[in-house]
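Those protein sequences? They're chains A and B, same order as listed.
Per our numbering, the first sequence starts with residue 1, numbered consecutively.
Per our numbering, the second sequence starts with residue 1001, numbered consecutively.
A few of these clues could be false.
Stated by the list, open to error - Simulated DEER-style distance windows between Cβ atoms: (1) A:D8 <-> B:D1056: 55 to 65 Å; (2) B:E1065 <-> A:S224: 56 to 66 Å; (3) A:S188 <-> B:A1067: 22 to 32 Å; (4) B:E1150 <-> A:G222: 40 to 50 Å; (5) B:D1159 <-> A:P164: 39 to 49 Å; (6) B:E1089 <-> A:G222: 27 to 37 Å; (7) A:E200 <-> B:F1152: 49 to 59 Å; (8) B:R1053 <-> A:N234: 49 to 59 Å; (9) A:P162 <-> B:E1065: 53 to 63 Å.
Stated by the list, open to error - Pairs of lysine to aspartate or glutamate residues, derived as DMTMM-like cross-links and limited to a Cα-Cα distance of at most 25 Å, are as follows: (10) B:K1113 <-> B:D1253; (11) B:K1113 <-> A:D172; (12) B:K1010 <-> B:E1150; (13) B:K1113 <-> A:D208.
Keep in mind the hints are simulated off the structure, nothing from the lab.
Because the structure is a prediction, the values reported are computed rather than measured.
Where is the CB? At the ideal position from N, CA and C, for every residue including glycine.
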Amino acid sequence: MTADGFDDGWLARIEEAGLNASTPREQRVIDGWLVRLAPGKAKRARSIQPVAPGRLGIDKKLALCLPLFAAAELPPIVRITPFAQPARLDEHLAEVGMTRFDDSLVMVLPSLDGIASTGTFDSGAASLETVDARSFAAWVGAARGSSAREVAAHADRIANAPVPHHALALRDRDGVVVCGGQVAVEGSLAGLYDVFTLGEARGRGLADRLCRHLLGHARRLGASAGYLQVDAANAGARRLYRRLGFRDAYPYHYRTPAAAV
Amino acid sequence: MRIFCIANQKGGVGKTTTTVNLAAGLAQLDRRVLVVDLDPQGNATMGSGIDKRALDLSVYDVLLENAGIAEVRQASPKGGYDVIGANRELAGAEVELVGLERRDKRLRSALAKVADDYDFVLIDCPPSLSLLTLNGLSSAHGVVVPMQCEYFALEGLSDLVNTIKQVHANLNPGLEVIGILRVMFDPRITLQTQVSEQLKAHFGDKVFDTVIPRNVRLAEAPSYGMPGVAFDPASKGAQAFVDFAREMAARADALRAAPVR
Chain A
1 MTADGFDDGW
11 LARIEEAGLN
21 ASTPREQRVI
31 DGWLVRLAPG
41 KAKRARSIQP
51 VAPGRLGIDK
61 KLALCLPLFA
71 AAELPPIVRI
81 TPFAQPARLD
91 EHLAEVGMTR
101 FDDSLVMVLP
111 SLDGIASTGT
121 FDSGAASLET
131 VDARSFAAWV
141 GAARGSSARE
151 VAAHADRIAN
161 APVPHHALAL
171 RDRDGVVVCG
181 GQVAVEGSLA
191 GLYDVFTLGE
201 ARGRGLADRL
211 CRHLLGHARR
221 LGASAGYLQV
231 DAANAGARRL
241 YRRLGFRDAY
251 PYHYRTPAAA
261 V
Chain B
1001 MRIFCIANQK
1011 GGVGKTTTTV
1021 NLAAGLAQLD
1031 RRVLVVDLDP
1041 QGNATMGSGI
1051 DKRALDLSVY
1061 DVLLENAGIA
1071 EVRQASPKGG
1081 YDVIGANREL
1091 AGAEVELVGL
1101 ERRDKRLRSA
1111 LAKVADDYDF
1121 VLIDCPPSLS
1131 LLTLNGLSSA
1141 HGVVVPMQCE
1151 YFALEGLSDL
1161 VNTIKQVHAN
1171 LNPGLEVIGI
1181 LRVMFDPRIT
1191 LQTQVSEQLK
1201 AHFGDKVFDT
1211 VIPRNVRLAE
1221 APSYGMPGVA
1231 FDPASKGAQA
1241 FVDFAREMAA
1251 RADALRAAPV
1261 R
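Kindly produce the complete structure, drawing on both the sequences and the hints.
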């Protein structure tokens, strides 16, 4: 399944941890598929996660799922990973004319032992602090240009997630948050989420340091490995994560009816 | 990182109980917390579940610059925060520091190196005006004063206020009294209610809203090596400290130059 020789069982656990960390309240189970309908920006919380094959057949399942998206006023999206069920789901969706988009990657860091979170950002000029779900969602939403509805959905999802999230924000000397991110810790697995640096503050290694602090904190909470999801086309982000020791684990993408693209 | 001294020049007023329970309460609110025990009695160390007699390195080594905080800190097993421990060895530091340069700013320099690792540092100061206390006060953004509502308590307070004024003028212009915390409070005792009212009248909103009641579970917890907040979370004392942690977190946020934006 992967070029890097990671254990399939472990990667399946990583995939589950990613699903658990992003569980929205607006979730149904339809014949083995998780149907997520959170009105936020993150597609993982507003898409079908086809985790089990079920019994009905793909077309019948889709016929049950698609009206739920319409009712929630969201475009219907299916997230396709190497673990998607039933087998040949991706091919089938392609045949019925669903378009592939947003090729992404899950990257993993098998050990957090090399992650040191000591050391400071240029001391006195910047400060790193824990922020609550609502403040973090407001900041990262503003940074990404999210709508008020998306920001509210994001805050709601992190505050109520079954897996605890910890958000850190880095302020510059003027008190403006220029870099932030979250880590979600489930047992031994720490997931990095929503790592973002404002445009004018990029290229200074802030996100690198922030991620080290997030992972260092996760380690203190008992995590021993890290994972994250990244846009496959985002070369800068992938370079950042490779520097931290993350390696490509498995790809995933989304499909949606052509009209919704 | 916000640094607070828990100080009162009167002994036995509940400084250590306040330090470890505020630390555990803030940790429950998902804040990253470091407790620095600056009292040679080592009660905050023991009360955090760390054996002061078995310390390889302690705050003594930090003050004499034999070791950095990253090497000395230990995790409190039940508290959810880190600890820089102290024991009787620290009493000797007083004498050794006198001949050294920057003798009153050693702790401040050491804390600056881990500024990004913590949201809160709580320093348990000894009940005397010594070089140890000065190291605490010159490091801090603010002082939290635990007080029993008894007549003579007010006298100790005026000494402390004078000390803080001097430190403010000579060592640390950023220092301020964050607030006065009423501890071991028994509303059935008329004098305590009267003193409590006097405090409110005299110090206004510098008196914290939260009142810590006299509570046997808080008193029992140290012998189990746990903050009361972890030892019996349902007890009235533990709940009061969690409320206090919330109030402190809000006051610390208000102290900042700017909100998250």
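For this session: May I ask you to test the hint 55 to 65 Å on the CB atoms belonging to D8 of chain A and D1056 of chain B?
Result: 43 Å, violated
Problem set entry | 22 to 32 Å as the expected CB spacing between A1067 of chain B and S188 of chain A, which holds or is violated | About 30 Å separates the Cβ atoms of S188 of chain A and A1067 of chain B, which means 22 to 32 Å holds.
Exercise. Is the Cα-Cα distance between K1010 of chain B and E1150 of chain B 25 Å or less?
Worked result: 12 Å, holds
Problem set entry | Given pair status - D1253 of chain B, K1113 of chain B, alpha carbons within 25 Å | Holds: K1113 of chain B and D1253 of chain B sit about 22 Å apart, inside 25 Å.
Exercise. Taking 49 to 59 Å as the hint, is the beta-carbon distance of R1053 of chain B and N234 of chain A inside that range?
Worked result: At roughly 53 Å between Cβ atoms, N234 of chain A and R1053 of chain B fall inside 49 to 59 Å, so the hint holds.
Exercise. Between K1113 of chain B and D208 of chain A, does the CA-CA distance stay at or below 25 Å?
Worked result: Roughly 18 Å between the alpha carbons, so the hint for K1113 of chain B and D208 of chain A holds.
Exercise. Could one say that the CB atoms of P162 of chain A and E1065 of chain B fall in the range 53 to 63 Å?
Worked result: 45 Å, violated
Problem set entry | Outcome of range test on Cβ distance (E1065 of chain B, S224 of chain A; 56 to 66 Å) | At roughly 33 Å between Cβ atoms, S224 of chain A and E1065 of chain B fall outside 56 to 66 Å, so the hint is violated.
Problem set entry | P164 of chain A and D1159 of chain B - C-beta distance against the hinted 39 to 49 Å | 43 Å, holds
Exercise. Is the gap between the beta carbons of E200 of chain A and F1152 of chain B within 49 to 59 Å?
Worked result: Holds: the Cβ-Cβ distance is about 57 Å, inside 49 to 59 Å.
Exercise. Would you say the C-beta atoms of E1150 of chain B and G222 of chain A sit inside 40 to 50 Å of each other?
Worked result: Taking Cβ atoms as reference, E1150 of chain B and G222 of chain A lie about 44 Å apart, which means the hint holds.
For this session: Mind checking the alpha carbons of K1113 of chain B and D172 of chain A for me, to see if they're no more than 25 Å apart?
Result: 17 Å, holds
Checked against the numbered hints above, the structure violates hints 1, 2, 9; every other hint is satisfied.
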